[in-house]
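Here the protein sequences come in this chain order: X and Y. Numbering-wise, the first sequence is residues 0 to 541 according to numbering that gives the first Met the number 0. Numbering-wise, the second sequence is residues 0 to 683 according to numbering that gives the first Met the number 0.
Simulated from the structure, these hints should not be mistaken for laboratory data. All clues given are correct.
Below, computed lysine-lysine pairings styled on BS3-like, alpha-carbon distance capped at 30 Å: (1) Y:K342 x X:K197; (2) Y:K342 x Y:K465; (3) Y:K99 x X:K388.
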Amino acid sequence: MTPIDPITVEVIGSALNSIVEEMGEALVRASHSTNIKERRDCSTALFDHRGNTLCQAEHIPMHLGSFIGIIPHIMARFSAETICPGDVFIGNDAYEGGATHLPDIVLAEPVFVDGRMVAWAVNTAHHSDFADRGHAHIYQEGLRIPPVRLYRAGELAEDIQSLILLNCQVPAERLSDLRAQMAANRLCVRRMQDLCAKYGTETVLGASDALQDYAERKMRAGIAAIPDGVYAFSDTFCSNEWTGEMTFVVEIAVRGDEMVLAFDGPPQVRAGLNMVYTSLLAATYYAVKAVVDPSILPNAGLARPLTITAPEGSILNCTHPAAVDGRIAASQRVCDVIMGALARAVPDRVAAAGNGCCTGAIFSGTGENGAIWVYLETIGGGGGARPGKDGLSGIHVHLTNTSNLPIEALELEYPLTLLRYELIDGSAGMGTYRGGQGLRRVYRAERECRLSIHGSRTGSVPWGLEGGEAARGTRLDLGDGRTRFDGMLDLVPGQIVTIETPGGGGHGPAAKRAPEALNRDLAEGRIDAGTYAEFSQTTEPV
Amino acid sequence: MGWRIGVDSGGTFTDVCLFSEDTGEMRIWKVPSTPDDPSRGIAEGVEQGLAQVGAIAADLSFFGHGTTVATNALIELRGARTGLIVTDGFRDLLEIGRQKRPSLYDMMADKPEPLVSRDLRREVPERLRSDGSVELPFDESAFREAIRKLKDDGVQSLAISFLYGFLNTTHETRARAIASEEMPDAFICASYEVAPEFREFERLSTTVVNAYLGPVMQRYIRRLSDRLTELGLTVTPQLTQSNGGVIGFAAAAALPVRTVLSGPSTGVVAAQAIGMSVGIPDVITFDVGGTSSDVALLKDGVCSLTGEADVQGYPIKAPMLDIHTVGAGGGSIAAVDSGGLLKVGPRSAGADPGPVCYGLGNEEPTVTDANVVLGTLNPGEILGGRMKLRRDLAEAAIARLADRLGLSTMETAQGIVSVLTANMAKAIRVISVQRGHDPRDYALMAFGGAGPLHAARLARELDMDKVIVPLTPGTLCATGLLLTDLRADFAVSRLLRLDESALPLLAEGYDELARQAADWSATEKIATEARALTRTVDMRYQGQNYELPVTLPEGPMTVGTLETMISRFEDEHAQRFGFTAPEAAIQIVTLRVEASGHVPKATFETQDDAGPDASVAVTGTREVWMPEASGFVTAETYDRGMLKPGNVIEGPAIIDQMDTTTVLLPEMRAIVHPSLTLILEVRT
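Whenever a hint applies, use it, and build me the whole structure from the sequences.
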């Protein structure tokens with residue numbers, strides 16, 4: 000194939016990016032469940048005909064891993080000549096389906112031009128279902144779907160769809176969301192066909208390869224700028240779903256323009272905290288890209304200079320039948336250890352630890368009409384203080400970036416009342432640059448319902464850098480005198496539950512914080528007078 | 000009868016457009032802006048413009064004004080010291096927003112600074128439920144105490160935003176009344192007045208932006224009114240809003256949040272009128288400035304309104320023309336990134352030092368430099384000879400870039416234009432294909448200094464076969480001010496399931512909005528026969544979270560109205576998303592009324608056909624690089640001012656005028672319309 004000039008590559012790259020963004024908008028706007036339409040817990044992408052990620056819309060970095068395995072799994076199960084235009088594959092399994100946990104249902108449709116497969120339209124959406132389940136192993140966590148055809152040559156396989164819907168607690172929502180996913184892929188197929196008609200299929204395919212080479216070159220250029228050496232870091236992982244603490248370790252070797260990341264962690268556990276290898280890849284791709292060069296295109300090329308290992312059967316690289324539902328919690332800690340290690344190599348580019356969680360609250364119950372309802376939300380927290388800047392307050396960090404649900408929408412749709420939603424004073428790690436503040440959310444149940452909480456940093460705290468202070472960890476108040484629990488909670492009407500998420504760590508010694516910044520912290524109530532006095536050069540506000 | 004005047008005040012120039020209602024004569028005048036006090040430059044421009052036509056201010060029958068005062072105050076964070084009062088438990092909502100971080104991968108990216116600092120955000124006990132009923136009554140004494148403290152803290156402006164304030168206004172109304180007693184001199188607004196719509200954060204953000212800009216706009220408008228009165232102006236001056244309509248100065252000062260996008264909206268209004276005057280109502284506008292470009296889509300001559308947009312990172316719920324902005328224009332810098340690809344923008348060389356060819360010290364090539372090297376821009380001079388350009392410097396800068404790319408200088412110059420064109424095409428896809436419109440069904444209308452330069456290639460990239468170039472592309476916004484109606488929007492959220500039981504509530508809601516519209520029309524002294532009302536409703540399938548606006552038929556609310564609403568909603572849904580869900584219930588979210596007051600418009604004079612021969616307008620030839628020919632092609636150059644209706648120009652050709660240059664590609668021809676608008680077509 001003749002090489003494509005850099006300008007055509009850039010022009011086609013822009014067009015591919017438009018396509019996946021448009022898919023994302025279509026998916027969000029047409030969907031019905033709050034988790035997708037409002038919290039945007041979904042991602043859209045184009046894969047090349049070999050199954051490599053070609054272009055991904057910027058939604059959720061965790062999803063970099065949630066579908067990277069799907070096309071190879073499809074290709075392994077079905078011979079290429081049996082795949083037709085209009086076939087749509089559905090899959091969600093962490094071991095056989097190329098996803099990372101069961102709620103992320105992936106839909107993939109091949110793009111054919113003149114009878115030839117040129118790409119795949121792929122999207123994943125987190126279906127807020129499979130609630131109130133066990134997590135001893137993956138069989139408890141929901142329906143496992145290997146890649147199977149939901150549509151065959153454009154015809155819906157009603158039997159497959161019925162089988163899936165019968166295993167869901169909120170089937171009406173699932174049906175609407177699957178339809179929205181379907182519409183998004185169809186759009187992508189049409190746009191890709193138009194693009195090939197315009198530039199010629201060979202040129203588009205050539206540009207697809209060139210874009211991956213381009214991401215690789217940028218990654219290599221970025222790694223080469225990091226001093227060679229071996230950088231290690233370890234952190235503690237704990238969760239309200241598991242008793243005891245675990246240690247995650249990484250050793251990063253930077254050699255020229257390549258990077259080897261060797262992880263170590265304890266054996267997989269009988270809880271929904273394990274990560275399949277693609278989860279580890281997603282976490283690593285995210286963290287390395289964020290530090291090395293945030294502008295690198297999120298395609299398969301960026302992974303080429305990286306070697307990523309973790310012991311098989313460990314929580315970081317689990318094997319069947321380990322439960323994986325809450326894999327995001329461990330994945331966030333993986334990001335923390337990568338950041339901690341790279342901070343030793345390029346201290347001016349890495350922030351202190353952020354809240355390090357993806358704190359989740361899943362409410363479920365039976366409505367007045369007898370139908371089951373499930374409401375999932377994730378709560379942000381503090382961002383780590385950055386070299387030269389305070390951390391951001393009340394945000395999601397690292398692998399997740401979902402929106403909150405408007406209070407007015409939440410209370411309209413579910414029997415819950417939100418009493419407070421605010422930043423927690425004193426939750427941030429102090430430093431020359433202060434970490435961001437964590438979030439407090441106070442709920443009141445209006446009807447009987449069940450609640451499960453996915454919390455991390457329950458025993459450990461987000462660390463500071465360069466002498467900055469650590470932040471406060473997660474705190475719970477279940478409204479019945481308990482501040483810790485590990486399973487499902489039955490809520491009675493009027494019961495009040497408080498979830499407090501961690502802040503972000505500080506950067507640099509707090510004694511060096513600029514007096515005007517410290518004064519503002521006090522005036523705005525972000526710290527109390529005691530903290531002010533502790534770190535202030537003078538003892539009185541100026 | 001007399002003169003109508005449009006004054007568009009930008010950062011560099013203040014453009015004045017005068018139109019005689021008696022003779023149809025149109026005159027344009029430009030003076031430097033006076034950013035320290037824009038009203039000075041405006042008064043000067045008006046005075047000089049009037050002197051040109053031998054008129055005085057008392058002869059003016061209409062004064063329309065577009066300004067960037069509100070936009071700039073928001074960009075530069077120069078608004079008033081603002082206080083905020085919210086429902087107990089939610090003072091940080093303004094800062095938390097939707098809890099998303101601003102960039103997925105860039106840890107150094109920042110959220111926009113909250114417009115009210117945390118110490119000026121106060122909570123008071125009160126709480127409504129999702130059905131509008133009261134769970135906790137409004138605590139008046141706590142509120143009064145909070146107000147007094149804010150007053151002591153030197154607050155000049157106050158925003159009040161309670162949960163469900165759009166559904167039940169009693170708490171906010173009472174709070175507003177108390178605040179007026181306690182702070183009679185402050186600017187005060189409550190969410191039910193500014194954006195009575197569902198979703199607390201966006202409503203709060205809009206209310207706060209309004210309060211933050213209120214005192215700034217009031218001051219500006221007072222100063223400008225005084226100057227205009229001194230000049231002898233007797234009519235009520237009008238200001239453009241982001242929806243493209245104008246509104247009286249007093250009303251604009253009360254709702255400044257509705258004027259934040261007033262700048263680009265007048266260009267769209269002008270484009271609409273020009274499109275209609277040449278019989279092409281389906282138009283995509285392409286307004287290219289130095290550092291950014293705006294695009295918008297007009298279907299049947301109408302630009303759709305969006306109810307919400309992010310302006311400088313602040314969500315604003317207000318009717319705004321659906322204009323999409325990209326950070327690339329004529330001054331954008333081209334560079335090779337670490338992976339070896341050519342990127343254009345978002346960095347810009349600005350006006351100083353400007354492009355390399357200005358010879359003022361910049362060494363990084365810009366889009367303008369690429370055009371000079373390609374020969375599309377006159378390599379000798381621009382602005383009718385007022386500025387000399389250095390082609391040699393531009394060429395050397397592009398040659399340096401070419402070395403890094405492994406391409407020739409000419410290929411690189413062409414590449415810069417191609418990458419820019421791809422960025423623009425992406426922006427146009429956002430407003431067309433992403434909204435279910437095929438750009439091939441539209442003509443491209445190019446204006447702004449650099450629009451006509453790139454329009455032909457952009458049209459080709461998008462398979463559009465027509466390009467429209469107005470007579471005065473550089474001052475189109477001032478012209479637009481003479482083409483717009485008075486307009487105000489009223490809305491209220493009512494979450495209702497769409498069935499017969501909703502009819503009385505719908506009727507009641509629209510009656511209330513119509514009453515508000517009538518009050519406004521009376522205040523603006525709009526004659527009864529000039530008034531018009533359009534009713535729209537935002538609808539969605541129950542369970543969705545994004546609404547689609549649907550126009551309501553006129554007349555009383557009947558079962559027939561319901562049926563029309565359903566079928567229009569389904570059509571819209573099918574167009575946007577490719578499917579409908581017949582089994583799903585449909586929900587009404589927000590009722591809207593757009594009130595307008597028709598004003599007489601400037602018209603475009605037409606001239607007699609002078610035949611196809613354009614040879615009198617030929618000024619010479621220029622060597623222009625055409626990638627299709629892989630080399631320089633000799634193109635005839637034309638003086639736009641000499642072109643007459645009916646003239647036909649065959650490409651390749653370059654048409655120069657003082658404020659822009661139009662490029663005609665080899666496969667195209669240009670025809671001069673009777674109104675002197677240029678229409679470029681692909682030869683078939």
